[in-house]
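Colleague: Chain by chain, the residues run as shown.
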Amino acid sequence: MRRITLSAVLLAAVLIIQLTFINGLRLPGGGVPDLVLVVVAALGMANGPAAGAIWGFAAGLCLDIAPPASGIIGEYALVLCLIGWACGRLSGTLARSAWLPIIITAAAAVVGEALVAALGMALQPAQVSFASVRAVLPAALVYDVALTPFVLYLVLLITARLDQEAAASASAGQARLRRARAQGSALAGGRQGLAGTPGAASAASGAVLLGLGGWLSGPPASRRARRAAARRTPRLGSGRAGDGWIGSSASARMLGGPLTSRSVSSLTGRGGAARLRSGVAGSAAGGQAPRSLPRRPVHLRLAATSRREGLTKRVVIGRGLSRAAVSGLGRRRSRRNGGFRPSTLPGGSATASARSRSLAASTARIDFGRHHGTSHHPAGGGQPKVVHIGRRRRLFGRRRDGVVGGGALTAVGRTGGPGAAPRFRIRPAGRGALSSATLASTAMMGGGPGSPSIQAFRAARPPRRLRMRSRRGDGVLGGGLGSGGPHYGRPATPRFRSRPLASGRAMSGKRPRFRRRRWAVLSLLTRRRPGPAHRHLWLIGRTGGMGGGPK
Amino acid sequence: MHDSRRTRLILGVLIAAALGLIILDYSGGGSGLFGGIRRVSASVFGGAEHLVSSTAHVFTGSGSGASGTQVQALRTEVIKLRAELSQAQLSKSDYAQLHRLLAVAGKGGYRIVAATVIASGQGYQQTVTLDAGSRGGVRPRETVLNGQGLVGEVTSVGPDTCTVLLATDSSSTVGIQLAPSGQIGWVTGPGKTRDGTGQLSLQVLDASAVLRPGEQLVTSASVHDRPYVPGVPVGYVSSVSNRSGSLTAKANVIPYVDFTSLGVVGIVIEPPRHNPRFSVLPPKPHVKPTPTVTVTVTPGASGSPTPGATSPSPTPGG
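Residue numbers (our numbering), protein chains in the order written: chain W, 1 to 551; chain B, 1 to 318.
Just chain W, same shape as in the assembly (with noise of 0.2 Å):
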């Protein structure tokens, strides 16, 4: 809400500038910046593809019938509609690069001109000539672009400071999933918390409560009680919000998109270092983050590198865990080398498949098989367990199907809409039907946090006897591993101290690449400590005392 307050009053403001002021200027070169479609794609950057739209489509609608317009109704509309969803389309370089952004919408504010230039050539020919045109339009060039490293900075300010104050009075989200935990109703709970619109700072900070740690409670308030609630705490890994939590932050953080500090900031806690916590798989203790971390999308990755080091046999996820969470898979590497397939080697690797369409279409799939990753093998070593997370209210796409853990929070909050609870259908392979001991491993493995359904069953058994067994680097999902690494300057070579593979040369393969991460200026600017490395890779190991775990 007040997102969409500011975005209305600056463009209102910067729109009464621009015809008032900027319009009269007398600048060398003939041309004047064009204030309104810096500011729009700014805001494109900053809100997504959707607001940007929006707001540039407002914001061009009234350049069209603000009182000197003699041009066509709906000229700059359709422009500035353009470039405010070009930009919020690729905000997500928000995240890699500190220049990246200025760049592109620099080069949106020159596309933007050319476009309104092209469109009053071939609409008004009487009143823009190609002489005028070219006489003009170079220096607006030079004036738009000279403009948009400032304007894009202070939107994003302005933008990350609002978001700051949202998270602190985030309380009121806060309390009300604490009411609805308390009435043992965590999925009314989460429905409550992301009822509102994603824009929403109350209900999205509750969302993000509710993504960030089923049991967590919001983190406390003095660093000794944090601590001491991070001793109790099983953990999976660091307690960075830049890491990669299953359910937790990860999907705090997918919820306002790469850009928003919303969740960032609402994790209010001040973690230090990643600590490296044998945990159970799931008990995402998310709630000490840094209070000031740059907003990035987390990458988080269910999945290997390669496809022989998981060790999950199997784990499908569908898109839900975002584009933020995914797009390192998707975005780059699927694409360039293939990598990323579900797998059904033996052995074959934890993966997480963004890029499969024909996936994500249907229900998502977590097999913790012991065996090659098919549902039908009879049994091994005990449970097969083949969970199927229903398919979702298909809302929104297919995309947001069936998620492990937070990500279905992400979707429900992401789109605001009816939050659908991932459904957990458990089709009872082999013999027998789900123990409970298939349901805690679903639990830990989906980490919980956003899951409501694990949540109740979190509730049920408490997590100290989940951690009988799991041992540091012994591959339970996300424990130990990657963890720690670049928070120290060198990234850490997940160890994979599990039983040996079925064929024997799985560790043989590529080791786990980690990227370091990137210095960006903007995070600098914005006094945000540059997180721990955005590419985080997270392996899903086998669970080694999961299985048995909790009987």
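Treat the hints with caution; some may be incorrect.
Claimed, not checked - A few chain W residues facing chain B, derived, Cβ under 10 Å:
| hint | residue |
| --- | --- |
| 1 | Ala12 |
| 2 | Gly29 |
| 3 | Gly30 |
| 4 | Leu61 |
| 5 | Val79 |
| 6 | Leu82 |
| 7 | Met121 |
| 8 | Gln124 |
| 9 | Ala131 |
| 10 | Ala139 |
Please keep in mind that the hints were generated in silico from the structure rather than gathered at the bench.
Note that the coordinates shown come from a computational prediction; the quantities given were computed from them, not determined experimentally.
Glycine residues also receive a C-beta, built at the ideal position from the N, C-alpha and C atoms.
Given chain W, put chain B in place with the hints provided.
Modeller: Same frame as chain W, now just chain B:
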């Protein structure tokens, strides 16, 4: 708010809406609707523009509060005084403009409404908004002038604002009359130019007319004095380009009005009873150093071969 079907739907709807508006406006359908929209927006945005530009005039020094020290107090004092001074100068220049405007109006017998420019057009539109509207008696298609000459024509009117199409817009065409000879022609605007003050291009109807640099132009009477009342100074001929293929003579005209610094202007709400003809014209521009010195005319009529002089037209038409 990532790219999703919803986003694409939104984008599609918005683009369709924009295209629909463009088509509707371009084809001229729904002009009543757009008229209404423009009226509403004129009252809304016009009011805002009026407010902003009037407050922008008041250039209050941003004294950062009394900080206790004397130096600070003195500094704020200085800032305040400077602001007052600049405001006084501003209003002095406004006053001068108004004075000249009234002089012109009185000479020509125009009844005018004085107004100030509060906003200018976006992009390639050479339009401005004035802070006088239908409540002040302004109607569309009326002449706008200032103390120097013709500014443009009122195109649309809001309750408190009106939009003026400047004479430099390339879609504006003004019928003119050449000062001494009474030749009839028209000038069209250059559109946006690099330095802001482009030259109008003049075309006269008479194929045998001989244009000379320095000749002055006034508006010729339009039908029912709409949109241009007669006798308003437009500019003077700066250079003649008599191309050998063209049917009529063409020339460039330097407008009298400095379109980049428009301040106080007047809207003629009542045309003069009699055609002022050339009486409003300023004194002839001084003998300009014409760039085309290579005239080297050797007529037998006039003896003195002064090469630099533009041929002085003997008697101003009266």
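Colleague: For each hint, tell me whether it holds in the structure or not.
Modeller: Here is what the structure says about each hint:
1. Ala12: Hint holds; Ala12/W Cβ to chain B Cβ min 8 Å, cut 10 Å.
2. Gly29: At 6 Å from the nearest chain B Cβ, Gly29/W passes the 10 Å test, so the hint holds.
3. Gly30: 4 Å, holds
4. Leu61: Hint on Leu61/W: holds, closest Cβ of chain B at ~8 Å, below 10 Å.
5. Val79: 8 Å, holds
6. Leu82: 7 Å, holds
7. Met121: 9 Å, holds
8. Gln124: 7 Å, holds
9. Ala131: 7 Å, holds
10. Ala139: Holds. Min distance 8 Å.
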